[in-house]
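S.K.: Protein sequence lines correspond, in order, to chains A and B.
Going by the working numbering, the first residue of the first sequence is number 17, and it counts up by one from there.
Going by the working numbering, the first residue of the second sequence is number 89, and it counts up by one from there.
Careful, some of the hints might be misleading.
[Said to hold, decoys possible] Keeping only pairs whose Cα atoms sit at most 30 angstroms apart, straight-line, the calculated DSBU-like set for lysine-lysine is:
#1 B:K453 <-> B:K372
#2 B:K512 <-> A:K217
#3 A:K217 <-> B:K544
[Said to hold, decoys possible] Sample of chain B residues lacking proximity to chain A, with all beta carbon distances greater than 12 angstroms (derived):
#4 P296
#5 S562
#6 D623
[To be verified] Distance ranges between label pairs, derived from CB positions:
#7 A:K443 <-> B:V494: 53 to 59 angstroms
#8 A:T246 <-> B:Q555: 41 to 47 angstroms
#9 B:N485 <-> A:K455: 51 to 57 angstroms
#10 B:Q493 <-> A:V305: 46 to 52 angstroms
#11 B:G520 <-> A:L141: 28 to 34 angstroms
#12 B:K600 <-> A:S180: 22 to 28 angstroms
#13 B:M311 <-> A:K443: 50 to 56 angstroms
#14 B:V494 <-> A:K455: 54 to 60 angstroms
It is worth saying that the hints were derived from the structure and are not from the lab.
C-beta: ideal position from N, C-alpha, C; glycine also.
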Amino acid sequence: MNVPFTHFYGSCLALAFAGYKDGILVDKQEEFQVLALHHPLGFSCRVSILLLMADKRKRATAENDSDEDDNGEQPMEAPRKQAQAALAFRKRLKPDNAILATVRKIADSAKSYKPQTQSLADLNLPNACKEVVDLSCASVMAEIEKTIINIARSILGGNGFGYSVPSRSSANQLYVQELDRIVLKDKASFRPFANMASVRKTTITTRILQLVHQLCKKQIHVTKRDLFYTDVKLFQEQGQSDSVLDDVSCMLGCTRSSLNVVASEKGVVVGRLVFVEDGDRIDCTKMGVGGKAIPPNIDKVKDMESDALFILLVEKDAAFMRLAEDRFYNRFPCVIITAKGQPDVATRLFLKKMKTDLKLPVLGLVDSDPYGLKILSVYMSGSKNMSYDSSNLTTPDIKWLGVRPSDLNKYKIPEQCRLPMTDQDIKTGKDLLEEDFIKKDPNWHKELEVMVKTKEKAEIQALSSFGFQYLSEVYLPMKLQERDWI
Amino acid sequence: MIGLLDRERLDEELYGDYETEKAREKRLAKEAREQEKQAKAAAAGKKVKDSNAVKLGKGRGEALFYKVTCKDNGRGMPNDDIPNMLGRVLSGTKYGLKQTRGKFGLGAKMALIWSKMSTGLPIDIWSATRGQSFISYCRLDINIHKNVPNVHIHEKRSNEEGWHGAEIQVTIEGNWTTYRSKIINYMRQMAVITPYAQFLFRFVAATPDKNISIRFARRTNVMPPAPAETKYHPSAVDLLLIKRLIAETLKQNLLQFLQHEFTSISKFYAERLIGEMGPEFTPKMPVKSLTAQQLVRIHQLFRQAKFGEPTGECLSPAGEYNLRLGIMKELHPDMVATYQGSVQVFEGHPFLVEAGLSLGGRDVKPGLNIFRFANRIPLLFEQGGDVVTRTATKRINWNSYKINQVQDKIGVFVSIVSTKIPFKGTGKEYIGDDIKEIASAVKSAIQQCCIQLKSKIVRQQQAHDRQQRKRNLSKYIPDVSRAIYGVLMEMADGQKSKKVKYDDDADDLLKKVALHQITESTFIQKLGQHVEQVDAEMALEYATQSGMVDTAREPIYLRTLESDYKFALELHNPVCVMKLFSDF
């Protein structure tokens, strides 16, 4: 018998059954049946899968019966019991209007929230810090020209040349409590041309300066990939041109967007949001299930309008799709946004703009693992790589909605959906415990401690063990109703 | 040949290799070729009858019969002891505690037993001690059931050359083709660990083109001292051993026995121990009268009490000098480092780890090449489980010493000497990875070698970089010049159309660009000069730092002189002293 095929059908059918139970994907299951019957081996496969499942259910029931006597409060429970638990949560849900009322209160309080006006200069920090600002094309050009004239003169004087580049290493980063974000200290390193270690970077920097100069002169935008392809022979790989690009923006003291180089679009947004992009009016409720790709250059986004009550920040694509397909934003007016993993600059800028323009609370839905928290931290206090631009990129005050380590037991997530943390995970978790942005909030610290102690992690998808729509129909409404965020 | 005559087969069907009709039909096409081959083999078999290694046409698979001769110029064996030394299992005399290669002489006896099992032929022995006027010749085999030597011939022959040493010859079944590499490897490893000895290995094959002759030359006359015999450490003895020591001891009472038959027990300590043993023990009690129960108590106390550690003075490591010499002589590496650890203790037995590390060389495969030695004998088999292999492959971060574990030709040499090597398994093939003390000693010895090499590697890389620097820097000059000139041109264009204003200095520069007084090649030229200048500075700095002059160097080896010479004059020099012969 063809084992891979059996396996394939097995998993497909199992999924199809799960879907059937929830009342969706019915025709898909029929489709599979047809498929299975038409395949020469399909029928026997299907039958064996059915038998297998029946057998499993029988065994599970037997186990369940014996377990029930001693202690029912264990997190490890038989499937039937889980279903009951899930149902219990569903029953506790109040009508949508009641939930909406609680959410509205939060939204109103967020409206009155005043954005932080403090800047780095106000703080009088002991060490000088480097920050960048948005510059117009003309001033970027002027900066580049000044640099080029200087090095040209140095070369003609027979002294070679070099660049003084601010260091972006973690030793040069500083977390500022008052601003709740990471900033760059003023340490810089000199990269001379006549040195084996720095000659490549210096050359690439010069070339990038020339390319950016052209871009600014013509006032056009290109992606990082475009930039890389203009001189593949020199850059060799995109990572090199990308990192030098960050160095250049740091060196010139402007944001990366002002260099007219953007990253290709990665983030998507869907929900109750209307904005104007380069003259076109975009309604994010009419974007289907895929959502609107977040435009790479934020300066072309204007006039944001929304009747949403909150912004839901989702870590990954799968959960985003579920929410979009279920039109979660119509049941609870909100804007759903994701960067599909680690956020890019455009998504962070977009979130920041939404937050400042619309004054909505931001709720984060990430995996219950150290990386989920890391992603939240990048949104909130910035990445170390781009800390020179943290003032423009960070959105402080994101609420951690879920999935939190304490949710695993609270929502009775079954054992088979929890994963043991790897040694690397545990190390990352322990390192995070020492990070300032976790320490400042005792609730967050407590949650992370729970994670490190239980050594268990779970993805957002773990909630699907109660049915694919559990996330949008039970978990999130429940969370909103209970105002269960920290 | 005695006992193994080639006989005609009378009943062909009796033999295992008899071919049935069917099988023969199937291979009809091959038959001609097959026959040709057989004829050739038969011819070859006859030709080599009288040579050193005898090949008989038909053997079991690859196994054939070989005559193995081993000859040395050592101390030899006394004439009367030869039958017992070689013809009786477990007749050894080495009962003291000592760093030894073997313990009971099992190795030689196993060879004899194997020859008896495979060919049934006796072994031949020639031996002479130093200054002996005759050579003892003995032909014997062993009566395995009675464990007594069965002497065929035992006679004295003339020794005109004044030879001393031993020569043993056995005829055994063996498989040369499969184990050739192992045997040569063993010889090579022996040569590494004993550069003060010369080895000559010769294989005489059926056809002369397959003959092998390898000479491993002698390079020094510095030999490690013979290991000294020592007494047992109390924490290393078991009950049986205590009984044996009591049976053999000449000491009368318990106090003397404890004080003199063990290391690390002083008189004062012996008294304390006896006091601790219980009321039925007294220092003056006769040691031979101890009951079995009392012995158990002594053993128990030995296990629990704390003793000073054995000193390890009895050990005889190869020494860094010899190890380094052996590595250099056999592998001709580009770099070599050696390290000798300090004496450590495992279960009452002192041990010492020496390590050598080589990079590059002749006949060395890329990657890790591991040479293991236990009490200065090479270990060949079961490499995978050995503590040295495990440590070198798993616990050393080669990258951090600038060594590429996959591409570089790395030779790792670890020699462990001890009064008791804790072999794993019965074959004495490898040392287990489960002994923490040994594993960490091996690791730190290898690491010490790595540290020594790292600085050499870094220096070598710097020298290499220095040669590459100018070329690498110059490579980027056109790119940079083009980029700078590109921006300047744009600026000059902008200035021409009066769009932008620049300050005076820039203005001056841009005018020159506009008038083509400064072009791309100006930058190329200026940068080129700058690179030259920096390179010259760096070269000077490098030379002052390392103080080395790179001239062609060639290694020379000085051999020691065998006999006495008269010297006339000594020429002194900071590096060496030269003596001139007077009677030449």
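S.K.: Are the hints correct? Go through all of them and say.
M.R.: How the hints compare with the structure:
Under the criterion of a C-alpha separation no larger than 30 angstroms, the hint pairing K453 of chain B with K372 of chain B is inconsistent with the structure, at around 65 angstroms. Between the alpha carbons of K512 of chain B and K217 of chain A the distance comes to roughly 55 angstroms, so the proposed pair goes past 30 angstroms and is violated. Annotation: proposed proximity of K217 of chain A to K544 of chain B holds, straight-line Cα distance about 28 angstroms (limit 30 angstroms). Taking the minimum C-beta to C-beta distance to chain A, about 57 angstroms, the non-interface status of P296 of chain B holds against the 12 angstroms cut.
Residue placement check: S562 of chain B does not keep its beta carbon more than 12 angstroms from all beta carbons of chain A (closest about 10 angstroms). Here D623 of chain B does not stay apart from chain A, with its beta-carbon only about 8 angstroms from theirs, under the 12 angstroms limit. One distance hint, 53 to 59 angstroms for the beta-carbon pair K443 of chain A and V494 of chain B, is violated here, with the actual separation near 27 angstroms. Remark: the range hint 41 to 47 angstroms for T246 of chain A to Q555 of chain B is contradicted by a beta-carbon distance near 33 angstroms.
Judged by the Cβ atoms, the range 51 to 57 angstroms given for N485 of chain B and K455 of chain A is violated: they are separated by roughly 33 angstroms. Take Q493 of chain B and V305 of chain A: their Cβ atoms lie about 50 angstroms apart, and the range 46 to 52 angstroms holds. Here the CB-CB span from G520 of chain B to L141 of chain A is close to 59 angstroms, at odds with the stated 28 to 34 angstroms. Between K600 of chain B and S180 of chain A, the C-beta spacing of about 26 angstroms keeps the proposed range 22 to 28 angstroms intact.
For M311 of chain B and K443 of chain A, the hinted distance range of 50 to 56 angstroms is satisfied, since their beta carbons lie about 52 angstroms from each other. Take V494 of chain B and K455 of chain A: their Cβ atoms lie about 43 angstroms apart, and the range 54 to 60 angstroms is violated.
In the structure shown, a violation is registered for the earlier hints numbered 1, 2, 5, 6, 7, 8, 9, 11 and 14, in ascending order.
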